[in-house]
Structures are given as C-alpha cells and as structure tokens.
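Chains Y and A supply the protein sequences, listed in that same order. For the first sequence, position 73 (counting from the first letter as 1) is numbered 73 according to the UniProt record's numbering, and the numbering increases by one without interruption. For the second sequence, position 814 (counting from the first letter as 1) is numbered 814 according to the UniProt record's numbering, and the numbering increases by one without interruption.
What the hints contain is simulated information worked out from the structure, not anything from laboratory work. In this text, a Cβ means the ideal position worked out from N, Cα and C, and glycines have one as well. Take the hints with a grain of salt, since some may be wrong.
[Said to hold, decoys possible] Across the chosen pairs, the derived CB separations fall in these ranges:
no., chain 1, residue 1, chain 2, residue 2, range
1, A, Val460, Y, Asp15, 51 to 61 Å
2, Y, Glu158, A, Leu770, 36 to 46 Å
3, A, Gly457, Y, Thr144, 15 to 25 Å
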Amino acid sequence: MIPAAFDYLAPTSVDEALAALAEHGDDAKVLAGGQSLLPVLRLRLNAPEVVVDLGRIESLRGVRDDGDALVIGAMTKHADVLTDPLVAEHAALLARATHHLADAQVRHRGTFGGALAHADPAGDVGAPALALGAEFTIAGSGGTRSVAADDFFVDLFETAIADGELLTEIRIPKYTGWGAHYEKFVRVAHQWPIVAVAAAVRVEGGTIAEARVGLTNMGSTPLRARAVEAALQGQPATDEAVRAAAAHAAEGANPPSDLNGDADYRNHLATVLTRRAVLAAAGA
Amino acid sequence: MTAVQEQAASEIGRDRRRKEDMRLITGRTRWTDNITLPGMLHLAMVRSPFAHATITSIDTSEAKDATNVVAVLTGADLGEAQGACINAWAITEDQVTPPHLPMPTDRVAFAGEIVAVVVARSAAEARDAAELVDVEYDDLPAALDLKEAAEDTVLAHPDLGTNKSAFWKFDSAEAGTGGDVDAAIEKARGDGIVIEREYRQQRLIPAFMEPRSVVVDPTGEQITVWSATQIPHILRFALAATTGVPESKIRVIAPDVGGGFGGKLQQTPEEMIAFAVGRRLGKPVKYTETRSESLLSAHHGRDQWQKLTLCAEKDGTVTGLKVDLLADLGAYVSLVGGGVPVLGAFMFNAIYKFPAYQFNCQTVLTNKTWTDAYRGAGRPEATFAIERLMDELAAELGEDPLEVRRRNWITHEEFPFTTVAGLEYDSGNYELATDRAMEMFGYDELRAEQQRRRDAGDPVQLGIGVSTFTEMCGLAPSRVLGQLNYGAGGWEHASVRMLATGKVEVVTGASAHGQGHETAFSQIVADRLGVPFEDVEVLHGDTQSSHKGLDTYGSRSLVVGGEALVRATDKVVEKAKQLAAHLLEASAEDLEFAGGRFGVKGTDAGITMPELASAMFAAHDYPEGMEPSLDAEATYDPINFNYPHGTHLCAVEVDTETGQVQLRKYACCDDIGTIINPLIVAGQVHGGLVQGIAQALWEEAVYDESGTLVSGSFTDYLLPTAADTISFDVDHTTTPSLTNTLGTKGVGEAGTIASTPAVVNAVVDAVRHLGIDDITMPCTPERVWKAIQGVAAGGTTEGASMPHFDGDEAGTHSTEGAGA
C-alpha cells in the first residue's frame with residue numbers, strides 16, 4: 001500500500017490550480033478529499049506524476065444562498081453538507097443521501113464535488129444531484145461554463161469535466177417544502193450501495209404534484225427514473241398508486257452484475273426501493 | 001485444597017480489565033512492523049497474477065538497477081537456502097503432497113504465489129522496483145472448481161497425476177464404536193426417515209487485524225526472527241528442519257500480535273524468504289504485507305462440499321449419520337492442511353447419541369490459495385452440517401427443532417459418555433443450557449410472533465434458528481495426535497519464577513495474539529500463590545525466554561497451558577512450604593497456606609510468599625538437600641480433549657421483497673466450565689459470534705474463472721462492523737470440566753462454531769413455509785430473494801465484480817511485477 005512516487009502541488013486559488021493542470025496535463029491528478037484517489041494510488045491502479053491538491057483553495061468551500069438556488073463549493077466536505085441548515089431546508093434529498101454516505105471518517109474527508117467528479121455510479125451523491133437537476137460550474141483556461149445535470153455524467157468514472165478543467169461549484173435549485181428520502185440497500189453498512197433510490201416529492205393535499213427520482217448503481221452513471229416521475233405526477237400518495245408507478249423504476253436502466261447481485265435482481269430491487277423511497281418522501 | 005479454593009474466590013471469576021490492553025489499544029508497544037534495526041533492508045514480493053503457469057523467464061535487471069535496490073532474488077537464486085513449507089499432518093500414509101517451495105522456480109500454482117523478492121533500502125523503493133521485475137509466464141489450465149478438481153479433469157500439479165491428496169475414513173462399525181451406517185440408512189429407507197442434503201462451506205479469509213510481518217536479524221550468533229505469528233515455537237522448528245540451520249541458532253519472537261484466528265497458524269513463504277534473504281545478505285530485513293497481499297496469499301479457510309445422509313426412525317430418533325466431504329486444500333497441503341476436516345470428523349455426531357456413523361473425506365488440490373485452520377477449524381463445518389440436519393429432521397417431522405434435539409442428545413446423567421466417534425465427553429448439561437437460552441430468548445413469544453406474521457402474510461417474515469453445539473478443543477492429547485499421524489504433540493509448558501523482590505514471572509509456551517493470556521494467567525497465579533494480580537508478569541512468544549511451547553490455537557491456551565501453569569505453581573507452593581517449615585522451625589504438616597502466607601496452625605507465626613522468595617534469593621538459610629530455588633516448571637500433556645457446549649438461538653427478519661436478512665435477536669448460553677475472567681469470555685463470545693454470523697451472511701472468498709481472487713479487498717470481501725450486528729444476550733451454565741484442575745473449557749472458538757448454523761437455520765425457518773429448505777452461504781439478499789422466487793438459491797452470481805477503482809492506468813500489466 002505504498003503509492004508510486006509523485007510530486008505534490010497545493011495551489012491556493014482556482015487559477016493556480018488550473019495553471020498546474022495546464023502545465024502537467026495527463027500527468028496530473030486532482031486531489032479533492034482523497035477518499036477514492038488515495039486507494040487507487042495505494043493499490044497502484046494509477047500512478048500520476050503530479051497530484052494537485054485543492055484542499056487549500058478556500059473559495060471552493062461552503063454553501064451559499066443564491067436566490068432560487070443553493071451553491072455548494074466543490075470542496076465542501078460531506079460532513080458540512082450534512083449539517084448545513086440551507087441544505088436541510090432547500091435540498092433535503094441531498095442531506096438524506098449524504099447521511100448514508102460511507103462512514104463518518106469518509107464524510108469528514110471526502111468532498112461533495114470530489115465525489116461527483118469521480119462519478120462512481122455507486123456513489124451516493126450522484127443520484128440526488130441528478131434528480132434535483134443540479135448545474136455544474138466547471139472552470140477551465142477559457143473561463144467557466146455551466147453544465148446541466150443531464151449532461152454531466154457521461155459514463156463510468158467519466159463526466160463532462162474535460163482535461164485541464166476543474167469542477168468548482170454545484171448549483172442546486174431550491175426544493176423548499178419537498179419531501180425527500182434516500183433508500184439505500186446494502187449488505188453491510190460500510191459498502192457501496194447495491195442499489196439506492198433518491199426521491200423528492202412535492203405533495204399537495206395528498207396528491208403528488210411533482211416527483212424527482214434518481215437511481216444509484218443502476219447503470220454506468222447515476223440515472224433519472226423519468227418514467228416513474230411521470231407516472232407519479234398527479235397520483236395520490238398511496239401505496240397502491242406509488243407501487244404502480246415504481247414498477248417503471250428499472251426502465252432504461254442497465255445495472256451491473258457483481259457479487260452482490262445480478263442485473264435482474266437489481267432491476268427488481270429498484271422497483272421495491274423506489275416505492276419505499278417515494279412513500280417515505282411523501283410521508284405516506 | 002480448601003485454602004486454595006478460598007483464595008480462588010478473589011481473582012478467578014473476577015472481571016479484570018485486561019492488563020495488556022493499554023499498550024495494545026494505544027499502539028504503544030512492539031508490533032513486528034514497528035521494529036527498526038540499524039541497517040535494516042526492506043522486502044517487496046513479486047507475485048504471480050496467474051493461477052497456474054509455467055515461469056519461462058524472470059528478468060530482474062531493470063529492478064536491480066533501480067534506486068537503492070540491494071538485490072533482486074528468485075527461487076533459483078536462493079536455492080536450498082530458502083527451505084520449504086512443511087505439512088505437519090499427513091492425514092494418511094499415502095497422502096499426495098506437492099513439494100512447497102517458498103518461491104517456486106519453474107511453475108506457479110496459485111495467483112499470489114511469490115516468484116521474486118526485491119530488497120531495497122526503503123519499503124517504497126522495494127515496492128517501486130518490484131514493478132520492474134519482468135516475469136514471463138506460460139499460462140496453464142487451472143484446477144479451480146472443487147468438484148471438478150476431484151474428478152482430475154485439470155491437474156493442479158501435473159506431475160502428481162492427480163488432484164486427490166488423501167482419503168480419510170472413520171466408520172463406527174469398523175472402529176467398534178457403533179453400528180453399520182449403511183444398514184441403518186437402508187432400514188430407514190424402508191420404515192423411517194432419510195434426510196439427504198448437500199451443503200457448501202464457502203471459502204473464507206481469516207482477515208486478522210494486523211497484516212503479517214516478519215523481521216529477520218542475522219547479525220548475532222543466533223538468527224533472530226520476529227514474526228506476527230501464532231506459532232513461534234513451531235516456526236522455529238520448521239525453519240531449522242528445512243534450512244539446516246541448527247534450531248539452537250534460531251530465536252523466534254512473536255511480539256504483540258494483532259489477531260490470527262488460525263490465519264497465523266502457518267509457516268509462511270514470506271517468513272522463509274525473509275529468513276533466507278537475511279542470511280544471504282547478512283543484514284536485517286523486514287517484510288510487511290499489504291492488506292491486498294494478505295487477502296490474496298495468507299491461507300484461507302473452510303471450503304468444503306458436504307454430502308450428508310441422516311437416517312431416523314419415524315419418531316425422530318436418529319439411527320445413523322453418513323458424511324462425505326470434499327475439502328479444498330488449495331495449491332498446497334499447508335501446515336495443518338488436510339487435518340482441518342479430520343478435526344471435524346469427531347464432531348458431526350455432536351451432542352447426540354447416534355448409534356451409527358461414517359465419515360469420509362477426500363482432500364483435493366486446486367490452483368487457489370492454500371487453506372488451513374480458521375477459527376474452529378473443522379468443527380464449524382461439522383456443527384453446521386449436523387445442526388442444519390437436525391432442523392431439517394424437525395421440519396420433516398413437523399416438530400419443534402429443540403424437541404427433536406432433546407430426543408437425541410446425551411442427557412446430563414449419562415456423562416461421561418463415549419460417542420459414536422470414539423471420544424469420551426467428560427461432562428455437560430445440554431438440558432440446563434437449553435432451558436436457560438430459551439428463557440433468555442423468549443422462545444415461545446417469538447414463535448407466536450412468527451405464526452402471526454405467517455398468518456398475516458407479512459412481507460417481513462420471522463425465522464428462528466437453533467444450534468445446540470459442542471466442540472472438541474484444548475488441542476490435544478499427544479498420543480491421540482500420534483494415532484492421527486500428526487507431526488507433533490499437544491502438550492504445553494509453563495514455568496514460574498519467584499523473583500527476589502517478591503514479584504512473579506510466569507513463562508508460558510502458549511503464545512498469545514490478542515486473547516488476554518496475560519490477564520487470565522495472572523489471575524490464576526495470583527490465586528494460587530496468594531500474590532497480588534499486579535505482581536504477576538506473564539512472558540510469552542519468545543523462544544529464548546519461553547523455550548518450550550506449542551503455541552496458541554484450537555482453544556488450548558487455558559485448558560492445556562493453564563493446566564501446565566497450575567502444576568508449575570503447585571510445585572512452587574510445595575517448595576515454598578519446605579522453606580517456610582525450615583524458617584519457621586515447624587513441621588510442614590503444621591503449616592497452612594492461605595492468602596499467600598504460610599502460617600503455623602494455632603499460632604501467629606507465619607511467613608509470606610514474597611518473604612520466602614527473598615529468603616531463597618539470599619539463600620543464607622534453607623533446608624539441607626534442597627536446591628536454592630522456588631522456581632518450578634511443568635509440561636502438561638492433556639488426557640482428553642475438552643468439550644464446551646451451548647445452546648444458541650437466533651431470530652432473523654427476512655424481507656421477502658428484497659431478500660434482506662436482519663438479525664432480530666440472538667441469545668446464547670454456553671457452558672465453558674469454570675470462568676477465569678468473565679470479561680474476556682464475553683469478548684471471545686461476542687467476537688466469535690460475529691465471525692460465525694459473518695460466514696452465514698456476509699463473507700465469501702470468490703475466484704473468477706481464470707483463478708483470480710475477485711473478493712481481493714474489503715470492498716468485496718464483506719467483513720461486518722458493529723453497525724451490522726445487534727446486541728447479543730450471553731449467559732453461561734457451569735458444568736466444570738473434569739479433565740483439568742480448574743474445571744475450565746475452551747471458549748476461543750465456541751461462538752464461531754455455534755452461530756453459523758443458528759443464523760442459517762433462522763433464515764431458512766423464516767421462508768420454509770414458502771417451500772424453501774436451504775439457502776447457500778453466505779445467505780445474501782439476492783440468494784434469499786431468488787430462493788423465494790423459486791430460482792435455485794445455491795447458484796453464484798454471474799459476472800465479475802464491478803470495479804470501484806479506475807484500473808485503466810499504469811501498473812496493471814499482468815506479467816510485470818504484478819505485486820498486490
């Protein structure tokens with residue numbers, strides 16, 4: 001568990017970090033909280049020549065209110081997301097999912113942006129970010145650009161962040177007053193979810209007015225369960241109605257087969273967990 | 001004895017906090033990897049990525065040129081100096097045993113086998129250079145599946161001509177301990193009940209906390225070896241026997257060792273290579289494995305197929321049991337190796353009065369990591385099989401599983417009882433332990449809840465599992481081991497040194513690796529000598545101070561090592577008495593010993609043990625004909641095994657929509673005889689339970705079709721944490737063992753042995769009304785769900801493990817230094 005030797009850079013601004021990435025190109029890897037990168041280095045699955053640590057860039061940290069949205073700095077630690085009152089009020093789904101993310105040690109080291117940029121489809125924050133329609137602010141040598149959630153996750157461990165770019169902020173529209181629940185299915189508490197479902201719903205007088213549902217580990221990226229969302233709209237928040245809508249959960253999914261379950265089993269789990277997540281989010 | 005028993009009330013039975021824990025928990029102690037010697041070099045191993053391959057070339061030139069690399073050595077370079085890894089237990093005279101070189105020169109037989117070692121000035125430099133060793137392999141077909149390997153379709157070692165290592169049989173009719181099992185089965189086919197099942201004991205990884213580590217210092221007259229091992233004494237023997245270095249020139253030290261669970265009951269290639277490299281270079285060397293290397297190449301456990309036939313009369317009285325085992329040895333016959341299933345051979349009949357019994361075991365070589373002892377070693381497998389079968393018999397009869405057991409078990413009036421496997425159980429009370437466990441568990445209420453849930457069609461069903469286990473531990477009577485062709489004895493040694501200042505040093509040959517020997521042994525000695533607990537120092541794990549011993553495994557330390565200690569202590573008391581009589585000018589018969597003081601009956605005159613120790617140190621005045629020493633030692637060879645037992649009851653909730661299994665309640669009442677330290681016992685039981693539950697629900701070492709260990713990290717090899725378990729209700733009945741002075745029984749393995757079938761029985765019980773009578777371990781949610789869906793529940797999941805780490809970059813070339 002000794003990584004190959006690398007040079008370590010710790011820029012204190014985004015511009016310095018971008019300059020470092022521009023200089024070292026493919027030889028550089030970005031270190032956020034290190035909860036995925038360090039195991040990779042220690043297992044020698046990757047051997048970058050330069051590691052660019054973003055940990056000293058203060059501007060990348062924190063949650064702020066930006067009118068109709070929250071803006072979360074990419075280097076905000078999971079533990080800070082979890083305890084942030086703005087997140088609790090306006091993006092409860094993210095707080096729910098973060099609560100279940102790994103363990104306390106990882107949550108105090110790992111960062112929201114780092115997890116999103118790593119884009120492990122089994123990661124816990126991708127599905128809620130997707131479901132909530134987050135916008136991703138990406139900085140590059142030519143300035144910053146904004147990428148919609150639907151375009152951010154490209155493939156397994158692959159995002160819209162191009163070489164030489166950095167994810168700096170995640171903008172999440174406010175879902176004030178929405179019910180939220182993250183239903184995570186694991187065999188042991190510390191493992192990646194076998195399947196998890198992130199659901200946020202707006203209930204008006206017992207009817208589901210709007211629903212947003214994201215799936216974790218049901219494909220090579222986090223997925224939106226749009227068929228479920230559509231089927232839920234206007235339905236009563238009852239077991240029967242939600243069950244019928246949740247039956248669509250695996251539509252379009254392409255889950256992996258591994259030691260924890262094959263794709264068919266995951267497809268089945270997605271329907272059960274979606275029903276449970278939506279009902280819990282609806283307070284039913 | 002009366003006086004000693006009064007003393008016993010003060011320390012034995014007291015829940016002393018462990019005196020070793022401050023240093024162990026804070027890490028302010030000497031683990032092997034902490035040791036740094038002047039000029040010490042570091043080793044990194046180059047391991048085969050292939051399960052079976054011919055080594056066609058090894059190019060070490062680039063690695064040798066790397067910064068601060070001192071040497072790169074192959075098996076050919078080391079030659080005979082590398083010694084060999086021994087098998088101490090050929091279970092049959094014609095056992096097929098492949099030669100096992102620490103570093104093979106021509107062919108690798110499992111993925112993870114070492115082919116070269118890099119020696120550098122730092123561990124990082126050694127690791128870097130290991131990537132530069134270029135090994136060319138010719139891939140060979142690999143024998144991977146145990147059943148297929150038993151058919152010899154692909155050979156793990158082509159030169160041997162077969163994968164079948166040894167066939168070991170016990171038949172009660174032939175042994176004269178019981179009837180003819182085939183006749184019993186035949187009869188039951190006509191007028192009784194025959195239960196036939198096949199169970200899988202999945203492969204497990206011991207996963208001890210401290211990875212293995214070894215330091216070799218060849219710079220003195222003696223070569224000193226520090227190793228994170230359970231067996232310093234056996235390791236010294238093996239080093240000497242296979243390298244030609246005289247045993248007297250080798251000192252092995254097991255400093256504080258962070259767990260083993262049987263996984264450090266091994267003479268490892270890594271130890272042999274470090275020893276050879278240290279000798280060759282004349283410099284101290286250290287090797288510490290990574291967790292990945294540990295999971296890959298430290299020995300695994302279990303891995304059996306069990307074909308079982310239980311026959312009974314219509315009323316549920318069992319008339320016979322036949323066992324046919326296939327046991328996977330992995331690539332080599334390890335230190336104990338094929339003996340592990342043989343240790344189970346005597347335990348399939350468990351606590352029951354079966355009239356006929358037959359055990360057949362075929363050990364099989366495959367191209368996977370070698371297997372050996374893992375907590376329980378043979379006995380968990382046996383207990384699982386019989387306790388699963390007893391639940392199946394109960395289901396067949398439509399009876400409560402505890403009732404069926406009551407009908408068949410040995411009643412407490414029947415002890416001592418000679419079993420159909422030929423063992424004499426000295427003591428036990430299964431009725432008492434069961435009654436207590438049922439009371440703790442709330443058995444009747446949970447059964448009622450189970451019925452309610454079934455009637456209501458609740459998506460979450462409740463299951464109740466029973467395991468009434470016994471085991472044989474306290475390894476072992478040397479004569480019995482001799483009869484079983486084991487290569488060593490089973491005695492243990494202890495000595496007691498009375499220091500001039502009144503302190504006491506106790507030296508034990510049972511080398512602890514986390515069990516709490518220092519505390520428990522101090523309590524025993526404090527009681528018997530009447531000295532303060534704090535004044536007793538327990539020394540172990542160094543062949544120089546603890547020169548005789550057979551180490552720690554098989555729940556032997558207290559029942560064998562503790563008895564040796566009792567006997568040594570009694571000799572000290574006897575000597576002290578002579579001295580006291582002399583100094584008090586009294587007859588020895590007029591002395592009474594209490595509270596560490598010899599008093600002259602009916603007077604105030606007396607002398608304490610520390611005063612006697614000081615007097616004997618000065619040696620100015622002591623009896624004629626007596627040596628000037630109170631010190632004593634004893635070597636104790638047990639006369640019998642030791643038979644703890646207990647009743648374990650488990651309730652689980654099974655979510656029929658997902659297959660998820662959630663522990664609801666776990667209650668157990670173990671009878672482990674006299675308890676020295678209840679706190680240590682609680683720790684052993686809790687840890688043991690979790691480890692056994694983990695076999696039932698979570699752990700499995702899985703290989704893919706090319707022989708790569710898929711569950712090669714804790715991402716995929718699922719160890720539970722406290723978050724995954726529940727609070728256990730633990731209690732004890734006390735039926736003292738009759739085979740040792742203190743009446744103790746082993747507790748190190750009990751929880752692990754008992755809990756696995758209790759959990760699986762509970763899972764099956766939760767869904768039995770849906771037509772299910774088995775779910776393969778580990779009972780994953782997927783397997784449970786598929787069983788409910790009517791899909792075969794025994795199958796393995798298709799598809800490789802999903803990568804959680806991006807593996808598309810450098811360092812993954814399969815033939816170049818594929819270290820772990």
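Against the structure, the hints:
1. A:Val460 <-> Y:Asp15: 51 to 61 Å: For aspartate 15 of chain Y against valine 460 of chain A, whose Cβ atoms are near 56 Å apart, the range 51 to 61 Å holds.
2. Y:Glu158 <-> A:Leu770: 36 to 46 Å: holds (43 Å)
3. A:Gly457 <-> Y:Thr144: 15 to 25 Å: With Cβ atoms ~57 Å apart, the hint is violated.
Violated hint for the displayed structure: number 3, the only one.
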